[in-house]
Amino acid sequence: MARTKAAINQANQVGAQDYAPLELRNSRKKLDQAKSLIEQKKYEKAKRLAERAEVDAELAEERSLSKKAQNAVKQLKKSIKILKQEIQQHQQNQ
Amino acid sequence: MLFRKLVFLISLPLLVINCGGTPDKNPLLEEAKTKYQKAENDTLIVSKAPVALKEAEEELQKSRQLWQDGEDENLVSHHAYIAKQKVAIARETAELNAAQDEVQRAETQRQKVLIQARKAEAKAAEKRAKKALSEAQKERQRARELARQVNQLQAQQTERGLVLTLGDVLFDFDKASLKPGGEQAVNKLAQFMEEYPKRNVMIEGYTDNIGAAIYNKQLSRRRANSVRQALMDQGISSNRIQIRGYGEKYPVASNNTEAGRQRNRRVEVVISDKNGDIQKRSS
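Chains X and W, in that order, give the protein sequences. Note that the first sequence covers residues 305 to 398 in my numbering. Note that the second sequence covers residues 240 to 522 in my numbering.
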């Protein structure tokens, strides 16, 4: 359970709320369900649900990181394109 | 009877789905298997996320084993779900690593482009410097050329600027028309004015004190005018040329001797500064 919470926190920190909101929501939902299962003393079921929640959070984190990196690639490529255009214009103006 | 028919209708699609396979397949396990197989054949995932893929495989293996051992379906599904999510994690990891590689490549490229830009800028600056240098050289050359031309005109540097003196030998006695020698001097002046379009001239006629002052003044003005006419004939614009007839005023030598009088009979051409301005006679 603690590991699941840590995984959700980590996902949150890398911006999963924006980049992988669905996965994050799945994870939280499962964690809540696991909590209520514990109250019902269904420990084995709760443990499994927490494990699934953990893997959901891990996916949310990884997806967020991946999307961010891909955005960075796009940004960089765009800036290179703009730079090249500026150089070309500059040379034409000479 | 009706109930039996209904059961038959419902079981029909189930039969279709199950045909050719074990009747109690776990759908989540099947889904995880399919996804894993797809990932296993993806070279990007195999090369960029081998560890994550291995973890997914182990989880899938666990699920399979549980299923083969006839364990609880929920437990089989539990591991199948984790396996499925791990496959997805492996895919994201691979894409993340590929993107990071791409960022590095792009950063290198960006640096190259920046260096290129700096080189281009340096080249342009060098070009500008060369241009400025050659312009300075040209300016110096122009100044030298002016000095040479002024020298050729035999103009004198005075406090009013450059003054070119045409002696009276360039005019017939009591006439205003230029002699051939005078024309030559005027041609040189016209050439000079053509080359230095910002320089204007003031043409001033002077005489000795023989004869009536009023007549002398008119003669000096006519002589100045014929120099102007000669310049205009050479294509110099009239608004660059002013004339004055001073007569016997401002002698440069004594009128008591023939030599002195000869020096007083003259036409002076005052050349303006490069702004076209000429200092007026104050005295």
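Calculated from the structure, these hints are not laboratory results. Some hints could be false.
Stated by the list, open to error - Heads up, simulated EDC-like pairs for lysine to aspartate or glutamate below, C-alpha to C-alpha not over 16 Å straight-line: (1) W:427 to W:472; (2) X:371 to W:398; (3) W:456 to W:413; (4) X:388 to W:413; (5) X:381 to W:270; (6) W:351 to X:390; (7) X:372 to W:341; (8) X:382 to W:472; (9) W:414 to W:398; (10) W:293 to W:310; (11) X:372 to W:340; (12) W:272 to W:297; (13) X:382 to W:311; (14) W:274 to W:296; (15) X:378 to W:270; (16) X:371 to W:340; (17) X:381 to W:311; (18) W:519 to W:341; (19) W:301 to X:336; (20) W:277 to W:308; (21) X:349 to W:311; (22) W:301 to W:311; (23) W:301 to W:270; (24) X:385 to W:398; (25) W:264 to W:341; (26) X:346 to X:336; (27) X:339 to X:322.
Notebook entry, point to check: CA of residue 301 (chain W) to CA of residue 270 (chain W), is that 16 Å or under?
Noted result: With a Cα-Cα distance of about 15 Å, the restraint between residue 301 (chain W) and residue 270 (chain W) holds, given a limit of 16 Å.
Check: Quick one, are residue 385 (chain X) and residue 398 (chain W) close enough, alpha carbons at most 16 Å?
Finding: The hint is violated at about 64 Å.
Check: Taken at face value, is the distance from the CA of residue 413 (chain W) to the CA of residue 388 (chain X) at most 16 Å?
Finding: Roughly 78 Å separates the two Cα atoms, so the pair is violated.
Notebook entry, point to check: Is it true that the CA of residue 301 (chain W) sits at most 16 Å from the CA of residue 336 (chain X)?
Noted result: violated, 26 Å
Note to self: For a C-alpha distance cap of 16 Å, please report whether residue 381 (chain X) and residue 270 (chain W) respect it.
What the structure shows: violated, 37 Å
Check: Keeping to a limit of 16 Å between CA atoms, is the pair of residue 272 (chain W) and residue 297 (chain W) held or broken?
Finding: At roughly 12 Å apart (the allowed maximum being 16 Å), residue 297 (chain W) and residue 272 (chain W) satisfy the hint.
Check: Do the alpha carbons of residue 277 (chain W) and residue 308 (chain W) lie within 16 Å of each other, as the hint requires?
Finding: Roughly 26 Å between the alpha carbons, so the hint for residue 277 (chain W) and residue 308 (chain W) is violated.
Notebook entry, point to check: Does the alpha-carbon distance linking residue 274 (chain W) and residue 296 (chain W) stay inside the 16 Å limit?
Noted result: Given that 16 Å is the threshold and the Cα spacing comes to 11 Å, the pair holds.
Margin query: Next pair to validate is residue 371 (chain X) with residue 340 (chain W); report whether the Cα-Cα distance is within 16 Å.
Written below: The given pair, whose Cα atoms are some 14 Å apart, holds under the 16 Å limit.
Notebook entry, point to check: CA of residue 381 (chain X) to CA of residue 311 (chain W), is that 16 Å or under?
Noted result: violated, 51 Å
Check: Is the straight-line distance between the alpha-carbon of residue 414 (chain W) and that of residue 398 (chain W) 16 Å or less?
Finding: violated, 30 Å
Margin query: Given the hinted pair residue 349 (chain X) and residue 311 (chain W), is their Cα-Cα distance within 16 Å?
Written below: holds, 12 Å
Violated hints for the displayed structure, listed by number in ascending order: 2, 4, 5, 8, 9, 10, 13, 15, 17, 18, 19, 20, 24, 25, 27.
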